[in-house]
Structures are given as C-alpha cells and as structure tokens.
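*Asks:* Spelled out from the first residue to the last, the chains are:
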Amino acid sequence: MRVSSHGLEVFDRSLAPGTPLAYTIEGDALPEAARGVVRIGQRAELDLQPGVYLVTLTHPRLGRLAKRLEIGHDEALVRFSEMIEERRSRPTALAPEGLDPEAAAAPRVEAWTGRPGAWTPDPTCPALAVADGQICPLPPVADWGRVFVLRHGEQAVAVRIPADTPRVDVVVSRSGRTRLRPAARDPQADALLDYMVGGYVVESATVRGGADARQLIDRERQSPAGAAVGAYYLLRTGEAVDVLDDYAALAHNFPLVPDFWVTWGWAQLHAGRPGVDAADAFLCAVDTGVPLYREGLELLRDGIDVLREDEATPADRREALHAALLRLSPLLRALEPDCPVTTWRCGETPDPPSRRGRTNPGP
Amino acid sequence: MRIVERPVAGAATHAFVVGVGEYPNLPPELGPRDLSSAAASAVAFADWLEKAYQNPAAPLATLELVLTPGAFPYAGPPVERATIDHIRARFKAFFDAANQSAHNVAIFYFAGHGVAESASFLLAEDFDPAHNQADPWFGAFSMDKTYLGLGRCQAAVQLIFVEACRTRSPDDFDTPGIDVPGLASPTKNPVQRDAPLVFACEAGQPAYGEPGRPASFTQALLHVLAGAAAEKRAGAWELGTDHLARVGDVLAVWSKHELVPTQYPEVTRSGRSTPLLRFAEPPRVEAIVRPSPAVASPGARLHVEGPGAPAGELPLGPPARRWRVPLVKGGTYTFSATGPAGEQAGPTTEHVAAPCQVVEL
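Sequence order for the protein chains is A and B. Adding 2 to a residue's 1-based position in the first sequence gives its number in this note's numbering. Adding 50 to a residue's 1-based position in the second sequence gives its number in this note's numbering.
Treat the hints as calculated values from the structure; they're not laboratory data. Heads up, some of the hints might be wrong.
[To be verified] Calculated pairs, EDC-like style, for lysine to aspartate or glutamate (alpha carbon to alpha carbon, straight line, at most 20 Å):
no.	chain 1	residue 1	chain 2	residue 2
1	A	Lys69	B	Glu79
2	B	Lys379	B	Glu393
3	A	Lys69	B	Asp84
4	B	Lys101	B	Glu55
5	A	Lys69	B	Glu260
6	B	Lys101	B	Glu331
7	B	Lys101	B	Glu363
8	B	Lys142	B	Glu55
9	B	Lys379	B	Glu363
Produce the complete structure using the sequences and hints provided.
*Replies:* Below, the structure is given as structure tokens:
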C-alpha cells in the first residue's frame with residue numbers, strides 16, 4: 003500500500019487487478035473519516051494534510067487491516083504484513099471476491115453457506131432485521147450441519163451448527179456484539195448459558211443461578227443439553243458437591259454424552275474422591291467423543307492436566323491420560339471461541355480420519 | 051520485587067503484577083519485540099492497586115512487581131526484570147503471602163505476549179526458542195495450569211487478569227507441547243474459590259495497545275475497577291467479581307465508536323458474586339457524544355445539563371468526531387452543540403447509564 007498526501011494505492015499480486023477494497027482514513031486533521039473504495043492497481047485521489055492518520059483497508063483475503071501512519075510530504079510504503087489485523091476481519095476474508103465491502107455496513111443479519119473462498123448467500127435463510135439487545139430465531143434452513151457465516155454489519159461469526167440442533171438464535175447484545183446461540187429447547191438453559199459465557203444478554207436478567215441449574219439437572223430427560231449447562235454452572239459455583247449423586251446419575255443415564263463424564267469427573271474431584279475414579283471418567287469422555295459444550299472440552303483438558311501430573315494417579319492411568327491429551331490438543335487448538343458449543347474455526351480439520359471407534363467402551 | 055508491604059490485621063489483599071515491555075529474542079512470527087504498551091499497562095495496574103484499591107474487607111498488604119520496561123520510561127522503585135526465573139520467584143512470594151488465610155484476596159496480573167494453542171501460554175522476557183533448542187518453550191508458562199495451581203492457594207477470592215494476545219503461532223513454528231509448566235502445579239483438590247480468569251481477548255485473537263500507553267483492555271479494566279460498573283447494594287456502591295464482565299461492555303462501546311480497535315475480553319470460570327470494592331460516591335459514567343455533520347467541525351462546543359454535568363462548554367476534539375464527557379453520576383442529561391459558524395444540533399435528552407453510553411446528537 004502506498005499512501006501520500008495525494009492518494010492511496012494498493013498492490014497485491016495475489017489479487018486480480020481491479021479487486022475493490024474499502025478504505026477508511028481517519029485523523030485529527032479530517033473533520034470526519036474519509037471512506038471509499040480503492041481498486042487493486044489503481045489510485046484513489048485524496049487530499050491529506052501532513053499529520054497522523056489511521057488507515058484501514060478491508061481486504062478480500064486478509065480481512066480488515068489497519069495501520070497508524072504519519073503522512074508528511076513524502077509517500078509512505080506499507081506492507082500488508084505490517085498492518086494490524088482487526089477483530090471481525092472474517093466477513094470479507096470469507097466472502098467471495100468482488101463482494102462490495104461497503105455492503106457489510108447494512109444493519110441486518112444474513113446467512114452465507116459454503117466454504118472459505120466460495121461463500122454464497124443462503125437462499126433458504128432470508129436476512130433478519132435485528133436491533134441491539136435482541137434475540138432472533140434464525141429461520142430454519144435445510145441442513146444445519148453445514149458451516150454458516152452470519153454477518154451483522156462488519157461483524158461475522160463463522161460456525162458449524164450441530165446437525166441435530168433444534169433451533170439457532172442470533173443474539174445481539176446491547177453493546178453491539180453478535181453471536182449465534184444454538185438453542186437447547188429450553189429457555190432457562192439458554193439464559194443460564196448466556197449468563198455463563200457473557201452475562202450481558204437481555205434474557206440473562208432472569209437468571210437465578212444455582213436454583214436454575216438444579217432445576218435443569220432435574221429435567222434431564224426433557225433436555226439433556228440443558229442439564230449439561232446446569233451441571234457446568236454448579237461446577238463453577240462450587241455447588242456440585244451438594245448434588246454429587248445427580249452428577250453420577252447424569253453420567254450413567256446418558257453414557258454416550260461426553261459432557262456428563264466430564265462433569266462427573268470434576269464433581270468427584272471437588273468432592274475429594276480418589277483421583278483414579280475421576281481419571282476413568284475423563285478417559286470415558288475422551289473415548290465417547292467431543293463434548294457438546296466448549297466449556298466441557300476445556301474442563302476435560304484441565305481435568306486431565308491435573309491428574310496426569312498427580313503422583314497419586316496410577317502409572318497406567320497417567321499414560322492413558324497423556325495419550326488422551328495428545329488426542330484432544332488439535333481439537334482444543336481449533337476451537338471457535340465465539341460459540342459456546344464445541345465447533346471449529348472455519349477451514350480447520352482438527353480431527354483427521356481415524357480407525358479408532360467413537361463408541362463408548364463403558365466405565 | 052515487593053514494592054508495597056503494609057501491615058494489615060486480618061484479611062488482606064496480595065497482588066502480583068508482571069509487565070514484559072521488551073522481548074530481545076522473540077521470533078518475529080510471534081509479534082513485535084518492543085511491547086512498551088505492556089509495561090505501561092502493568093505500571094498503570096500496579097499504580098491503581100497501590101493508590102486507589104479500596105477493599106475495606108481486605109486492604110492491600112503486599113504488591114510484587116516484576117517489570118521489563120523496554121521503551122517505557124519507568125520511574126518507580128527498582129524492580130527485577132520479567133525473566134521466567136524472576137517471575138517464578140516472585141510468584142512464589144505472592145502465593146505464600148496470599149496462602150496465609152482463606153479470607154485473603156489474591157490478584158494476579160500479566161501484561162506481555164501470549165500464545166493460544168491447546169491452552170494459553172504467556173511469555174517471559176527471556177523467551178528465546180532460537181537459542182534454547184533443547185527446550186524451545188523455556189521462558190513460557192501455561193496460564194491454564196497456573197490457574198489450576200492457584201487452586202492450592204487458600205485465598206477464597208482470586209482475580210486473574212491477562213493482558214496478552216492469544217493468537218496462534220504460525221503453523222511452521224514449533225507449537226507448545228502439553229508439558230509446558232505453569233507457575234504452580236495443578237491440584238485435583240482445589241479450594242472453594244471465586245476466581246474469575248479474565249483474558250483481554252478471545253482465544254485466537256490479538257489484544258491491542260499503542261506504544262507507551264496502557265493497552266485497551268487495561269484501560270477498560272481500570273475504568274470498571276474505578277467504579278464505573280459498581281451497583282448500589284445494601285446502601286453502598288459496590289463492585290463485585292460478577293461485575294468484571296462489564297469490561298467487555300466498555301470495550302465494545304469504545305470500539306464501536308472507534309476509540310479503540312475491536313476486541314472482546316473473555317471472562318471465564320466465574321460463576322459467583324463476591325463483593326470486592328466499595329465506593330463512597332456513585333460511579334462516574336462517560337457519555338460519548340457523536341455530533342451530527344452540521345456541527346462536526348473543530349471549534350464546535352457542547353453544552354450539557356444534568357445532575358452531574360461538567361460546568362461550561364466543551365470544545366470538540368481532538369479527534370474531531372466525538373466528545374467524551376465525564377459525568378459525576380448516571381442520570382438524565384440534555385446535550386446540545388453549537389458549530390463554529392453558529393450551527394445548532396440538539397437539544398437531545400438521554401438517560402446516561404454506567405459504565406458508558408453513546409449519545410447521537
């Protein structure tokens with residue numbers, strides 16, 4: 003990128019000449035930000051007084067890049083690698099080339115499907131008008147198992163929703179942040195989960211903490227996912243030891259849900275039971291599959307870390323825990339932080355094909 | 051180095067602050083070697099602890115600081131550099147002090163480089179994989195294991211703040227193994243504690259700061275800790291551990307209006323609400339007033355009326371895109387502006403609430 007008091011020029015051999023990039027130039031010498039579109043290989047005419055400016059480019063491949071520059075009478079040459087990648091760079095990074103970056107400013111949520119570099123608007127999912135502080139159900143689409151990009155203004159969330167998710171909500175916090183929330187068929191569980199992961203969504207005002215969590219665990223048959231949220235919550239607050247039998251029951255009533263092995267393992271640790279029992283629960287979780295919730299995967303890592311460094315853990319379990327942690331590492335590395343359920347960053351393949359079965363071998 | 055040691059009878063607060071403002075041997079793929087913003091952040095946080103921390107139930111007793119100032123002009127008492135050995139040694143002193151009573155409060159703050167892989171790792175000044183080929187991640191420690199290790203500490207309230215990037219190392223870089231240690235060994239029998247772990251950003255994302263100035267997250271954190279997120283409970287203005295999540299709201303509002311780059315802090319492992327700080331006065335709030343184009347010019351003046359409004363008129367900028375108006379307390383305010391040639395905008399009446407709010411004029 004070349005910037006001078008006369009204009010802005012952008013070069014990139016990997017992009018076709020003429021590719022549009024949105025630019026924003028801000029500085030104290032400008033009464034308001036200069037915005038426009040500059041095309042690769044062409045020049046945007048500008049009239050900038052010498053001063054300090056923040057130059058932001060929305061780049062189709064690299065996302066949104068920013069650089070603070072002192073522009074004098076000489077031109078400044080800046081490499082893309084010297085620019086800071088801004089958060090929420092993914093919408094245009096994932097969107098097809100040629101998309102008008104200015105369109106990203108539209109205040110609505112729209113779904114895109116496909117894969118990185120080949121995204122298309124999803125015709126089955128019309129755009130949603132949303133406002134700050136709102137929770138909107140996303141109209142159902144044919145197959146939730148695909149990866150979606152949800153765009154809201156300049157934000158985007160790329161996420162793969164589990165195929166059996168009954169409903170997906172778009173949550174827009176009052177501070178303007180957009181998140182996707184796979185609903186657990188239970189408004190109480192949804193609200194508690196929101197409280198756990200952010201604490202700032204409108205519905206969370208109704209959360210009653212531990213009382214809600216206990217009710218959710220009691221309703222395990224109606225909503226196992228809600229029961230998992232309740233179990234995670236009580237682990238955080240230290241109340242799990244008061245309902246230890248419930249944690250055991252969850253693990254044994256739902257042996258194919260890894261989350262309940264994780265919560266049972268940690269509940270035993272909180273209760274001061276022998277580490278070997280907790281180790282077995284964690285190993286069951288790893289053998290059963292990937293926990294539904296991100297919290298579960300992280301707690302599983304922590305539980306394994308605790309026990310494999312504990313000298314009281316038998317050698318064979320320590321070896322098994324070590325191997326389990328090696329299996330979990332690529333999954334943890336690829337975790338999508340925006341989503342409370344376990345999903346991977348777009349383009350990641352953290353779990354290569356394996357002959358190892360994914361069935362529960364039992365405790 | 052222990053820079054604060056005060057006699058406190060009964061429950062006390064013990065704090066450990068680390069600032070790494072320079073990485074002489076950092077591989078360029080992992081970020082800039084000059085990180086004076088981290089040093090400025092650590093000094094600002096330590097300064098707040100020393101001068102403004104108001105916890106009547108557990109006053110500040112000790113404050114350990116290790117700091118590599120780098121380009122930041124540090125002028126405080128002499129301290130040790132933030133090498134891994136110094137960090138470990140001072141962490142032990144901090145841990146031992148906080149471990150004396152279950153009624154204590156332990157505060158851990160780190161500002162420097164970080165990497166998020168299968169867990170979060172923080173880097174000391176002497177992180178130097180090129181010259182430590184046998185142990186390339188010597189000079190790093192696992193934040194997650196440190197958190198689990200703090201479960202050994204008796205202090206029932208523990209606050210852990212991490213002002214660091216959580217970007218991933220490049221794919222061709224030797225990623226940290228699962229055996230990178232923490233500053234304390236994880237325990238399977240942690241104490242019952244209220245211990246929120248607050249990261250400046252989400253996993254995989256960078257944290258932002260300008261050279262020589264406290265980074266965005268630390269600025270927002272100090273804004274919250276100064277009382278901006280306090281609530282009136284039982285007749286007093288109180289800030290509890292559950293209010294720490296409001297730092298995300300502050301940053302979101304600031305970034306939405308281009309005061310700082312966008313980043314989302316992550317508050318993890320919290321679930322309780324323990325009273326932490328008390329304030330005699332209602333929280334100060336901030337109104338960010340965006341002028342209409344008619345008055346968005348240098349020389350424009352803003353007039354504010356309301357229960358905690360500043361006296362007189364406020365000139366616009368710099369930058370010339372908004373006014374940042376400190377208000378003594380939340381409430382209903384009327385804003386009006388006059389442009390340099392007498393153009394008028396407003397009046398607009400808004401209820402301004404903590405911690406900060408945007409007003410469109």
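*Asks:* Taking the hints in turn, state whether each one holds.
*Replies:* How the hints compare with the structure:
Distance restraint check for lysine 69(A) and glutamate 79(B): the Cα-Cα separation of roughly 18 Å lies within the 20 Å cut-off, and the hinted pair is therefore satisfied. About 29 Å separates the Cα atoms of lysine 379(B) and glutamate 393(B), which puts this hinted pair outside 20 Å; it is violated. At most 20 Å may separate the alpha-carbon atoms for a hinted pair to count; lysine 69(A) and aspartate 84(B) meet this at roughly 17 Å. Among the hinted pairs, lysine 101(B) with glutamate 55(B) is consistent with the structure: their alpha-carbon atoms are about 13 Å apart, no more than 20 Å.
The straight-line distance between the Cα atoms of lysine 69(A) and glutamate 260(B) is roughly 11 Å, inside the 20 Å bound, and the hint therefore holds. Taken as a hint, the lysine 101(B) and glutamate 331(B) pair is honoured in the structure, with Cα atoms around 17 Å apart against an allowance of 20 Å. Simply put, lysine 101(B) and glutamate 363(B) have alpha-carbon atoms about 31 Å apart, too far for the 20 Å limit, and the pair is violated. In summary, the hint linking lysine 142(B) to glutamate 55(B) is supported, as the alpha carbons are separated by about 16 Å, within the 20 Å threshold.
At roughly 18 Å between alpha-carbon atoms, lysine 379(B) and glutamate 363(B) fall within 20 Å of each other, so this suggested pair holds.
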